[in-house]
Amino acid sequence: MKLSELASTLGLAYQGPDKEIRGVATLEEAGPEDISFLANPKYAGMLQSTRAGAVILAERFGEQTTTALVSENPYLDFARAVQLFAKPQGSFNGHSQQAWIHPEAEVADDAVVYPFVSVGAGARVGSGTTLFSGVYVGEDCQLGPNCVIYPNVTLMAGTQLGQGVILHAGVVLGSDGFGFAEAAAGREKFPQVGRVVVGDNVEIGANTCVDRAALGETRIGSGSKIDNLVQLGHNVQVGENCILVSQVGIAGSTKLGRNVIIAGQVGVAGHLEIGEGCRVGAKSGVGRSLPPGTDVSGIPAMDHATFLKSSAVQGRLPEMARTVRRLEKEVEALKAALASQGETNV
Amino acid sequence: MKLSELASTLGLAYQGPDKEIRGVATLEEAGPEDISFLANPKYAGMLQSTRAGAVILAERFGEQTTTALVSENPYLDFARAVQLFAKPQGSFNGHSQQAWIHPEAEVADDAVVYPFVSVGAGARVGSGTTLFSGVYVGEDCQLGPNCVIYPNVTLMAGTQLGQGVILHAGVVLGSDGFGFAEAAAGREKFPQVGRVVVGDNVEIGANTCVDRAALGETRIGSGSKIDNLVQLGHNVQVGENCILVSQVGIAGSTKLGRNVIIAGQVGVAGHLEIGEGCRVGAKSGVGRSLPPGTDVSGIPAMDHATFLKSSAVQGRLPEMARTVRRLEKEVEALKAALASQGETNV
Amino acid sequence: MKLSELASTLGLAYQGPDKEIRGVATLEEAGPEDISFLANPKYAGMLQSTRAGAVILAERFGEQTTTALVSENPYLDFARAVQLFAKPQGSFNGHSQQAWIHPEAEVADDAVVYPFVSVGAGARVGSGTTLFSGVYVGEDCQLGPNCVIYPNVTLMAGTQLGQGVILHAGVVLGSDGFGFAEAAAGREKFPQVGRVVVGDNVEIGANTCVDRAALGETRIGSGSKIDNLVQLGHNVQVGENCILVSQVGIAGSTKLGRNVIIAGQVGVAGHLEIGEGCRVGAKSGVGRSLPPGTDVSGIPAMDHATFLKSSAVQGRLPEMARTVRRLEKEVEALKAALASQGETNV
Numbered sequence: 001m002k003l004s005e006l007a008s009t010l011g012l013a014y015q016g017p018d019k020e021i022r023g024v025a026t027l028e029e030a031g032p033e034d035i036s037f038l039a040n041p042k043y044a045g046m047l048q049s050t051r052a053g054a055v056i057l058a059e060r061f062g063e064q065t066t067t068a069l070v071s072e073n074p075y076l077d078f079a080r081a082v083q084l085f086a087k088p089q090g091s092f093n094g095h096s097q098q099a100w101i102h103p104e105a106e107v108a109d110d111a112v113v114y115p116f117v118s119v120g121a122g123a124r125v126g127s128g129t130t131l132f133s134g135v136y137v138g139e140d141c142q143l144g145p146n147c148v149i150y151p152n153v154t155l156m157a158g159t160q161l162g163q164g165v166i167l168h169a170g171v172v173l174g175s176d177g178f179g180f181a182e183a184a185a186g187r188e189k190f191p192q193v194g195r196v197v198v199g200d201n202v203e204i205g206a207n208t209c210v211d212r213a214a215l216g217e218t219r220i221g222s223g224s225k226i227d228n229l230v231q232l233g234h235n236v237q238v239g240e241n242c243i244l245v246s247q248v249g250i251a252g253s254t255k256l257g258r259n260v261i262i263a264g265q266v267g268v269a270g271h272l273e274i275g276e277g278c279r280v281g282a283k284s285g286v287g288r289s290l291p292p293g294t295d296v297s298g299i300p301a302m303d304h305a306t307f308l309k310s311s312a313v314q315g316r317l318p319e320m321a322r323t324v325r326r327l328e329k330e331v332e333a334l335k336a337a338l339a340s341q342g343e344t345n346v
Numbered sequence: 001m002k003l004s005e006l007a008s009t010l011g012l013a014y015q016g017p018d019k020e021i022r023g024v025a026t027l028e029e030a031g032p033e034d035i036s037f038l039a040n041p042k043y044a045g046m047l048q049s050t051r052a053g054a055v056i057l058a059e060r061f062g063e064q065t066t067t068a069l070v071s072e073n074p075y076l077d078f079a080r081a082v083q084l085f086a087k088p089q090g091s092f093n094g095h096s097q098q099a100w101i102h103p104e105a106e107v108a109d110d111a112v113v114y115p116f117v118s119v120g121a122g123a124r125v126g127s128g129t130t131l132f133s134g135v136y137v138g139e140d141c142q143l144g145p146n147c148v149i150y151p152n153v154t155l156m157a158g159t160q161l162g163q164g165v166i167l168h169a170g171v172v173l174g175s176d177g178f179g180f181a182e183a184a185a186g187r188e189k190f191p192q193v194g195r196v197v198v199g200d201n202v203e204i205g206a207n208t209c210v211d212r213a214a215l216g217e218t219r220i221g222s223g224s225k226i227d228n229l230v231q232l233g234h235n236v237q238v239g240e241n242c243i244l245v246s247q248v249g250i251a252g253s254t255k256l257g258r259n260v261i262i263a264g265q266v267g268v269a270g271h272l273e274i275g276e277g278c279r280v281g282a283k284s285g286v287g288r289s290l291p292p293g294t295d296v297s298g299i300p301a302m303d304h305a306t307f308l309k310s311s312a313v314q315g316r317l318p319e320m321a322r323t324v325r326r327l328e329k330e331v332e333a334l335k336a337a338l339a340s341q342g343e344t345n346v
Numbered sequence: 001m002k003l004s005e006l007a008s009t010l011g012l013a014y015q016g017p018d019k020e021i022r023g024v025a026t027l028e029e030a031g032p033e034d035i036s037f038l039a040n041p042k043y044a045g046m047l048q049s050t051r052a053g054a055v056i057l058a059e060r061f062g063e064q065t066t067t068a069l070v071s072e073n074p075y076l077d078f079a080r081a082v083q084l085f086a087k088p089q090g091s092f093n094g095h096s097q098q099a100w101i102h103p104e105a106e107v108a109d110d111a112v113v114y115p116f117v118s119v120g121a122g123a124r125v126g127s128g129t130t131l132f133s134g135v136y137v138g139e140d141c142q143l144g145p146n147c148v149i150y151p152n153v154t155l156m157a158g159t160q161l162g163q164g165v166i167l168h169a170g171v172v173l174g175s176d177g178f179g180f181a182e183a184a185a186g187r188e189k190f191p192q193v194g195r196v197v198v199g200d201n202v203e204i205g206a207n208t209c210v211d212r213a214a215l216g217e218t219r220i221g222s223g224s225k226i227d228n229l230v231q232l233g234h235n236v237q238v239g240e241n242c243i244l245v246s247q248v249g250i251a252g253s254t255k256l257g258r259n260v261i262i263a264g265q266v267g268v269a270g271h272l273e274i275g276e277g278c279r280v281g282a283k284s285g286v287g288r289s290l291p292p293g294t295d296v297s298g299i300p301a302m303d304h305a306t307f308l309k310s311s312a313v314q315g316r317l318p319e320m321a322r323t324v325r326r327l328e329k330e331v332e333a334l335k336a337a338l339a340s341q342g343e344t345n346v
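Chains as they are written, first to last, in full-length UniProt numbering: chain L, 1 to 346; chain X, 1 to 346; chain U, 1 to 346.
Only chain L is shown next, with the shape it has when bound in the complex:
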C-alpha cells in the first residue's frame, strides 16, 4: 500500500516522499517498508535511529523525521494501520463435513464452521461468525453476526452473544455456578438454570470462565474487554466498557457499573456493587461496595492514595516495631524518673 493511500485511509496528513508500505513494526524493529509509531515521548530519541519507512507521530515531532503521518492520537492511528495489514487467522471456509450440527440448529450459510465443531439443538449462529475447531455450542445458544470463536471454546446451553464478540481459545461460558444447599445428609447441588448473556463487541481472553446464573442471567455489557484466566461467578453483572485484567475473580451476584477497570489478580467478593468508573489496583481484595469513581488498592482494598502510603510502610514495619518497643521502655523510664524526681522534690 502506498503511504499516500494509507494516509488517506486513516484521514491523516503526511510529510515526506510517497513510498510503498508493506508492514508494521516498532521503531526498533521496523525496516524501510514498515510503518511505525511514536506515542510515548520518551522514545522520541529513536526517531534518529529507526529504519522505519514512515512513522505515525504527533505534529510536534514532525521535524525530527522525514517521512511521517501526523496524528493527534498516534497509538490509535497506528492500531488502525495495523488493522489494515493484519490478516485474520484461519485457513478454513464453509461448513465442515467433519463438524456435528444438530438438525434443529441454524447456522448462517456464510458462517465458517471448522471440523470438530458441535452445535446443539436450537442453537443459532449468525452471519459471518467463525467457529474454530473444538468449539462446542450448546442447545439454544444464540451467536450474533461477525463473532470469532477460537478453538476449544465451550458455550453451554442458552448462552447468548451479541455481534462482533471475540472469544479466545479455551473460554468457557455458561458453566454451572458454584451453588449448594446444606442438607442433613450433606450438600445438595442448587441446579444452575440461568444463562450467560454477552453484549456487542465484547472480547474475552483465553481460558476465562463465566458461570451461568443460578436463576436469571450473568451479563457482560457491550464493549467490555476481559483478559485471560478470569473468573466471573454466577449472576455477576459487568457493565459496558469495563476492563478486567487477567486472573481477576469476581464472586457471585456482584455488579460492576460502566467503565470499571480492574487490574490483574484482583478478587472481588460476592453481592457487591462497584460503581461506574471505579478502578481497582492489581492484586487487591475488594470486600465492600464502592461508590462510583472510587480508586482503591490493597488487601483489604482502601483508597488508592492511602494504599500507596501504607505500602511504603510495610517494609519498615520491623523497624517500627522495634521503635515502639524502645519507646515503651523509655516512657517507663521517664515515668519512673519523674516519679523519683517528684519524691525528691517533696
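Keep in mind that the hints were calculated from the coordinates and are not lab data.
It is possible that part of the hints are untrue.
When chains are identical, the list treats them as one kind, so a pair holds in a single copy or across two.
Said to hold, decoys possible - Restricting the straight-line Cα-Cα distance to at most 30 angstroms, the calculated cross-link-like pairs of lysine-lysine (DSBU-like) are:
| hint | residue 1 | residue 2 |
| --- | --- | --- |
| 1 | K19 | K329 |
| 2 | K335 | K255 |
| 3 | K255 | K189 |
| 4 | K42 | K19 |
| 5 | K309 | K255 |
| 6 | K189 | K329 |
| 7 | K189 | K42 |
| 8 | K329 | K309 |
| 9 | K19 | K87 |
| 10 | K19 | K189 |
| 11 | K2 | K19 |
| 12 | K87 | K255 |
| 13 | K2 | K87 |
| 14 | K189 | K87 |
| 15 | K2 | K189 |
| 16 | K255 | K42 |
These figures come from a predicted structure and were not determined experimentally.
Model the placement of chains X and U on the given structure of chain L, informed by the hints.
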C-alpha cells in the same frame, strides 16, 4: 406441575389455593406460574411485591403471603424444586460414529458419547455417564456411573472417577505434576507416574487443573466441591466434603482433612496438613499446617479474628508511622527536659 | 529389570543381592519388587520399615539397608530410574483419518496425529512429535521434533516450538494480547500481529496461556518450566531455565533473565526487567524491576529477609496500634507532669 403435587414431592405443607407451577424464579423476577423462595429474612418485604405464584418460606413468614410451601430449610427445598424443573443439558444420545473409541475400551451401552470424544485403550466408562464433545479419556481411566463430563475435559491416563462426578468444561485431571531434579547439565523431568483418584459426587469447576501424583495418587474425597480455575498440585489429598472456591492453588503433597473450606484465590504451600473443618479466608497465603477447626486469613495466614483487626490497621499505617516518629521526638525532648530539670534541682 | 542392570544403566554402584525390579515407589509404599529412594535425611528412619526391594541413597546411609544403589544425587538418579519404568501416555499411532490436516501443512510421517486434531495451512510438525486429540495447530505454526502436545491444546497461527517441548492439556499459545487504543467512540482493538516462540525442552502446564506479541515475539527460553494456569502477557520474554509456578501472571513486555524462579500466584507488572537468577516468593506483587540475583517477597515485593520480618509483625499490628495509642497518652501525661513539676519547682 400442580402446587399440591410439588408440595407432596418435596414433603412440605402448603397453604393457599392449588395452581399450576411451570417454573422457578427469584421473588423479584417470578411470574404467576413460578415458584420462588424466601431464605434471607432481609428480603421478607418482597413478599408484598412479588408476582410469584407461590413461595417456599419458613412458617413464621406464612402470614405474609397467600400461597406458600412451608419449609424448615427454604433454600434447600427451593433447590430441590429447581431440580424438578431443570432439564439436563445436551442434545445427543447414543455413541457417536464421529467419536473415537479404542477397541480395548469399554463404554457402557447407555453412556452418551458425543462426537469428537476420544476414549483410550483400557478405559472404562460407566452406565449413564455422558461424555460431551471434545472430551479425552486417556488409557486405563475408570469413570463410574452417572458422571457428567462437559465439553473439552481432559482426563489423562489412569484417572479414576467415582459415581455422580460432574466435571465442567475444560477441566484437566491427571496432567503431570511440576517436578524436576537438578542435574549438572540442567533440570531433568521427574516423570510423573502416579494418577488422580476422585471420589463420589465430586463436582469440579471449569478449567480447573488437578495434577497426577509423581508416585501414588492425588486424591479428591467424596462430596467435595471445587470451583473454576483451581490448581491442585501432585499428591494433594483433599478430604471429603471440602469446598474450594475459584482460583485457589494448593501446592504438592498438602493434605486437607474433611469439611475444609477454602475461599477464593487462596494459596496453600506444599507438604502441609490442613485439619478437618479448617476455614481459610479469601486471598490468604497459608504457609504452615493448621490444626483441625482453625479459621485463618491473611498473608501470612493468621487467626481470623486477629486478621480482621490487623486489616483494620492497614489503612492507618501511614498515620501510625507518623505518630511513632513524633513520639520519638517527644520522648527525646522529655528526656532532655527531665535531665535539665534534674540538673536544675541539684 | 535386574537391579544390576539398573545400576549399570544409571552408572551407580550397588550393594546387596541382585534381584528383579519391576517398579518405582516411595519408601512408604514400595514393595519388594520396587526401587525407592532416600533424598531427604529426615526420612532416614524409614529405611528400617520400608519393604522396598532396593533404595537409591547417599553413601552415608548405605549401612542402614541391605540392598541399595549408592548415588551422589539420589533424587536425580531416582528420577532417571522412574524414567526407565515410565510408559509414555497414548494409545494411538499414525495419522488419524479423523484428523483434519490442511493440504498445505507438512506433518512428519512418524509424527502421531490423534483423531480430532486440526493442522492449518503452512504448519509444519516435526518428526516424533505427538498431537493428542483436540489439538489445534494454526496456520504457519512450526513444531520441532519430539514434542508432546497433550489434548485440547491450542496453538494459534505462527506459534513456533523448539524440540522436546511438552505442552499439557488445555494450554493456549498465541492468543491475542490484551491491547486496546482509546478512541472518541470507545476502545478499538490493537490487532495483535506478533507471535509466540518457545525454545527447546520447555514444559508448560495445563491451561496456561501465553499471548502472542502485539508486534514481534513473545518468547520462552529453552529449558524453562512453566506450571499450570500461568498467564504470560504479550511480548513477555522469559529467559532460559526459568521456573514459573502455577497461577503466576506476568504482564506485557516484562523480561525475565535466565534462571529466574517465581513462586505460585505471584503477579509481575508490565514493562519490567527481572534480572538473572532472581527469586520471587509466593503470592508476591512485583511492581519494579529487579537487579540480577535479587530475592524478594511480599505485596509490594521487598527484600525477602525484610519480608519475613515484616510478616512476623502483621499479626501483632492490632497490639502495636494499641501500644502506640497508649504511648501517646502517656507521653502527653508526662509532658503535663513535667510542666507541672517545672512550675512547682519555680
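Handout entry: Up to 30 angstroms CA-CA - K19 versus K2, copy category
Key = For K2 and K19, only the intra-copy Cα distance (6 angstroms) is at most 30 angstroms; the inter-copy one is 73 angstroms.
Handout entry: Intra/inter-copy verdict for K255 and K42 if alpha-carbon distance must be at most 30 angstroms
Key = between (39 angstroms within a copy, 19 angstroms between copies)
Exercise for the section: Can you give me the call for K329 and K309, within, between, both or neither, at a CA distance of at most 30 angstroms? Expected result: both (28 angstroms within a copy, 21 angstroms between copies)
Exercise for the section: With 30 angstroms as the alpha-carbon cut-off, assign the pair K2 and K189 to within, between, both or neither. Expected result: Between. Shortest inter-copy distance 24 angstroms satisfies the 30 angstroms Cα cut-off; intra-copy 62 angstroms does not.
Exercise for the section: State whether the alpha carbon distance between K309 and K255 is at most 30 angstroms within one copy, between copies, both, or neither. Expected result: both (29 angstroms within a copy, 28 angstroms between copies)
Practice task
If the cutoff is 30 angstroms on CA atoms, where do K19 and K189 land: within, between, both or neither? Let me know, please.
Solution key: Answer is between; shortest inter-copy Cα gap is 27 angstroms, intra-copy 66 angstroms.
Problem - Alpha-carbon proximity between K19 and K87, which holds within one copy, between copies, both or neither at 30 angstroms - result: within (22 angstroms within a copy, 59 angstroms between copies)
Problem - Within, between, both or neither, where K189 and K42 count as close if Cα-Cα is 30 angstroms or less - result: between (56 angstroms within a copy, 24 angstroms between copies)
Exercise for the section: Pop the pair K19 and K329 into one bin, within, between, both or neither, using alpha-carbon distances up to 30 angstroms. Expected result: Neither. Shortest intra-copy (79 angstroms) and inter-copy (70 angstroms) distances fail the 30 angstroms Cα cut-off.
Handout entry: Intra- versus inter-copy proximity for K189 and K255 (alpha-carbon distance at most 30 angstroms)
Key = Intra 24 angstroms, inter 25 angstroms, cutoff 30 angstroms: intra and inter.
Exercise for the section: State whether the alpha carbon distance between K87 and K255 is at most 30 angstroms within one copy, between copies, both, or neither. Expected result: Intra 37 angstroms, inter 28 angstroms, cutoff 30 angstroms: inter-copy only.
Practice task
Classify it for me, K335 with K255: is the Cα-Cα distance of at most 30 angstroms met within a copy, between copies, both or neither?
Solution key: Neither: 55 angstroms inside a chain and 53 angstroms across chains, both beyond 30 angstroms.
In this structure, the earlier hints numbered 1, 2, 6 are contradicted, and the remaining ones agree with it.
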